[in-house]
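A.B. asks: Line by line, the protein sequences are chains S, A, E and C. Note that the UniProt record's numbering has the first sequence beginning at 1, numbered continuously upward. Note that the UniProt record's numbering has the second sequence beginning at 1, numbered continuously upward. Note that the UniProt record's numbering has the third sequence beginning at 1, numbered continuously upward. Note that the UniProt record's numbering has the fourth sequence beginning at 1, numbered continuously upward.
In case anyone wonders, no lab produced these hints; they're calculated from the structure. There may be inaccurate statements among the hints.
Straight-line C-alpha distance at most 25 Å; calculated PhoX-like pairs for lysine-lysine [what the hints assert, rightly or not]:
(1) C:K51 / E:K220
(2) E:K220 / E:K176
(3) E:K176 / C:K51
Now for the letters of each chain:
There are 4 protein chains.
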Amino acid sequence: MSLQQLKQQVLEANLDLPRYDLVTFTWGNVSGIDRDRGLVVIKPSGVSYDKMRINDLVVLDLNGNRVEGDLRPSSDTPTHLVMYRRYPELGGVVHTHSTHATAWAQARRAIPIQGTTQADYFHGNVPCTRLLSESEVSEDYEGLTGHLIVETLHDTPPLTMPGILVANHGPFSWGKDPHDAVHNAVVLEEVARMSWITHQLNPQAPALPDYMLEKHYQRKHGKNAYYGQNTK
Amino acid sequence: MSLQQLKQQVLEANLDLPRYDLVTFTWGNVSGIDRDRGLVVIKPSGVSYDKMRINDLVVLDLNGNRVEGDLRPSSDTPTHLVMYRRYPELGGVVHTHSTHATAWAQARRAIPIQGTTQADYFHGNVPCTRLLSESEVSEDYEGLTGHLIVETLHDTPPLTMPGILVANHGPFSWGKDPHDAVHNAVVLEEVARMSWITHQLNPQAPALPDYMLEKHYQRKHGKNAYYGQNTK
Amino acid sequence: MSLQQLKQQVLEANLDLPRYDLVTFTWGNVSGIDRDRGLVVIKPSGVSYDKMRINDLVVLDLNGNRVEGDLRPSSDTPTHLVMYRRYPELGGVVHTHSTHATAWAQARRAIPIQGTTQADYFHGNVPCTRLLSESEVSEDYEGLTGHLIVETLHDTPPLTMPGILVANHGPFSWGKDPHDAVHNAVVLEEVARMSWITHQLNPQAPALPDYMLEKHYQRKHGKNAYYGQNTK
Amino acid sequence: MSLQQLKQQVLEANLDLPRYDLVTFTWGNVSGIDRDRGLVVIKPSGVSYDKMRINDLVVLDLNGNRVEGDLRPSSDTPTHLVMYRRYPELGGVVHTHSTHATAWAQARRAIPIQGTTQADYFHGNVPCTRLLSESEVSEDYEGLTGHLIVETLHDTPPLTMPGILVANHGPFSWGKDPHDAVHNAVVLEEVARMSWITHQLNPQAPALPDYMLEKHYQRKHGKNAYYGQNTK
Chain S
1 MSLQQLKQQV LEANLDLPRY DLVTFTWGNV SGIDRDRGLV VIKPSGVSYD
51 KMRINDLVVL DLNGNRVEGD LRPSSDTPTH LVMYRRYPEL GGVVHTHSTH
101 ATAWAQARRA IPIQGTTQAD YFHGNVPCTR LLSESEVSED YEGLTGHLIV
151 ETLHDTPPLT MPGILVANHG PFSWGKDPHD AVHNAVVLEE VARMSWITHQ
201 LNPQAPALPD YMLEKHYQRK HGKNAYYGQN TK
Chain A
1 MSLQQLKQQV LEANLDLPRY DLVTFTWGNV SGIDRDRGLV VIKPSGVSYD
51 KMRINDLVVL DLNGNRVEGD LRPSSDTPTH LVMYRRYPEL GGVVHTHSTH
101 ATAWAQARRA IPIQGTTQAD YFHGNVPCTR LLSESEVSED YEGLTGHLIV
151 ETLHDTPPLT MPGILVANHG PFSWGKDPHD AVHNAVVLEE VARMSWITHQ
201 LNPQAPALPD YMLEKHYQRK HGKNAYYGQN TK
Chain E
1 MSLQQLKQQV LEANLDLPRY DLVTFTWGNV SGIDRDRGLV VIKPSGVSYD
51 KMRINDLVVL DLNGNRVEGD LRPSSDTPTH LVMYRRYPEL GGVVHTHSTH
101 ATAWAQARRA IPIQGTTQAD YFHGNVPCTR LLSESEVSED YEGLTGHLIV
151 ETLHDTPPLT MPGILVANHG PFSWGKDPHD AVHNAVVLEE VARMSWITHQ
201 LNPQAPALPD YMLEKHYQRK HGKNAYYGQN TK
Chain C
1 MSLQQLKQQV LEANLDLPRY DLVTFTWGNV SGIDRDRGLV VIKPSGVSYD
51 KMRINDLVVL DLNGNRVEGD LRPSSDTPTH LVMYRRYPEL GGVVHTHSTH
101 ATAWAQARRA IPIQGTTQAD YFHGNVPCTR LLSESEVSED YEGLTGHLIV
151 ETLHDTPPLT MPGILVANHG PFSWGKDPHD AVHNAVVLEE VARMSWITHQ
201 LNPQAPALPD YMLEKHYQRK HGKNAYYGQN TK
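Can you make the complete structure from the sequences, with help from the hints?
C.D. replies: Encoded structure:
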């Protein structure tokens, strides 16, 4: 895949954010990575989706040096870069302030695994990070937000838990490419909405048992998966 | 009706799922049956609605043997087949993860009969199943989900209760044909939404008395029905 | 105004119900009255809005005798007729199952007057009726629903309280003409939604004081009204 | 900028209210000011957005004398004028009855600062005013509503808190021009919605710590801001 093709993918993935109703104004950003070249393509900061053109996208190396583009990259760029450096399996990263996922982040609560909808994508509760300390914020806010995500995932393979809530901020999600990362952002917002309603109907609603979680997660992602057309 | 006409009906009924805002991505499926030929037409697994063509639909006999179509049928196919085999009056079956109905399923609560909106379609509370056991899930998850629905309906005629909540999963609905089954899926989602709001306004809201339930159900479905233009 | 013009008004007012998102399928109806001729125009029963043509509308006298139209009128027609006979100032009547207003009706709670939005249209709490008894339902369900509304309004001039919740059923609204009645149905749904959210944020939220209610109601409807362009 | 250009801006800003789903019918108004000429342009009272033309806008001096336009200005005009006279930095003012912000106003609760979404625009909790007294309402309701906002802001620079909830009424917002004021009205409605959901998920959700509030507010508005493309 050429860098131009990746830029086209990242552009389309960014335009999907308003299409799926995940953003107000410019409150979201998608990036993608070309692993061979070690280059990351990301949305410019504060540019509205309806005015964004392919050449407005910013190309950076993994250390954040600008390689292409005249605009300033998203202020969340250091968070994306930490994720790409830490997890070689990631091809796309997304940050939004989607309504329901952000509300869970503000409530500082993990989204509990209560149904098969979540189990089809997330291998358990969607975690909520701790809050960065004052010294962390002043030292390197956006970079340490990335490390906070890594700390919270601990030893979870990131593609089995393709999203997280950053406390008092909002959701990040990721995937094998920019399109897949946005797909997971849509799912995260929808399960956040379902779990909010579930919580109101029954604050003591039980968790999905492990055997149901495994059944749904594996029938879609396991080695004997039988959901969809491209399974093994 | 020719098989081709049924396929057209099933295609349109599937496309109605996103039109009525019942699905995210591919999270839903509709089937229909040709009782004379004993053939079921169903959505292929994991194919998005905007790319689905009539020849992508899969035709199966009632034992699940593929008769037409190159794609893999919906992973929920065994559930549909159990319903068709058990209830000869069914002409269409739908499964979705519609937001509010799924939330009730996650809360493991029946939708109580609290208003005439529900009484116009559902002859009482919309039940929520028990959870399948670990051995049931490993034995035949999708087939036993169908038997679970049958077990929960017990001796209720299915067209008088044209929908159900499968615990921690989501709603199934059905009807005399695929279009009718989708119609009932829309109603189920709307009564799930209304009952959620009702529950928040008054957790002790009383049930609709039986005489009101009967009045509304019978004026629409009884032998002296006087709602609509095609009544007796 | 000719009867044809009234039919056109009633058609447009019915088509406004889906436009303002007040109805699912055919769950609503609007009527209008020609006071000079003593004729009421109303939606036919169970006909979908996108297929309804002007000649599908049914014309009745105030006793319910059909004067024009081949279709069966809305099953709620007797309720509309009671309202027109009792209140000569009414020119249009609407019934819907709009989501939030219906939820309040199912909760059997009046919508409390908590803000100027409601005070601009409704001179106080929007009342919720009692439930009809079993003998009332079997005697004349739809007609006695009209009398129930009249009983609940008691001595309130209906144009100062242009809507009500029928317990466990849904909202009725009215106005000086069909368009105005739909306008009030939209307002009723929106104040029902606002009051639901208010209730969740503060179950003890105080009522709007009388002097604020009077100020807002009178600046729009009083003899010295100064809201809008057509005031005295 | 010519007066005609300001009128065009005010027209577009008013039309943005329905576009961003902030208003039902005519329940909102935007004004803008030409500081050099001392002239305010504002929406006419009770005129629907789809029929409003540029020459329907009303031009007033800062004392409320009509300079241009045949229509009566918005009934909330005196509130706007107080804001412009008191705060020379304001270029636009907006009033709406947007659903969630109005619900907080009806609950008589400030919107707590619980996330970075709010911190990006509002330097702390969005305050809710006290209720005007009966004598204040009868003396000069709309003018004293403006003074009530000023009283509530106290010594807060208004562009650091570009919105407020007027108790039992609804939100007002403002900005450096009419477009910016509407932008802030959209943000206010969205943070009101997020905070409502947060409150339901965790009524004891903690406030955003000051150092996070400062970080987000300053990275966007401070002298070393690095969000967006036009920062210093």
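A.B. asks: For every hint, state whether the structure bears it out.
C.D. replies: Right, here's what the structure says about each hint:
With a CA separation close to 20 Å, the supplied pair K51 (chain C) and K220 (chain E) stays within the 25 Å bound. Of the pairs offered as hints, the one joining K220 (chain E) and K176 (chain E) holds, with about 15 Å between alpha carbons and a cut-off of 25 Å not exceeded. Of the pairs offered as hints, the one joining K176 (chain E) and K51 (chain C) holds, with about 22 Å between alpha carbons and a cut-off of 25 Å not exceeded.
Going through the hint list in order, the structure satisfies each hint without exception.
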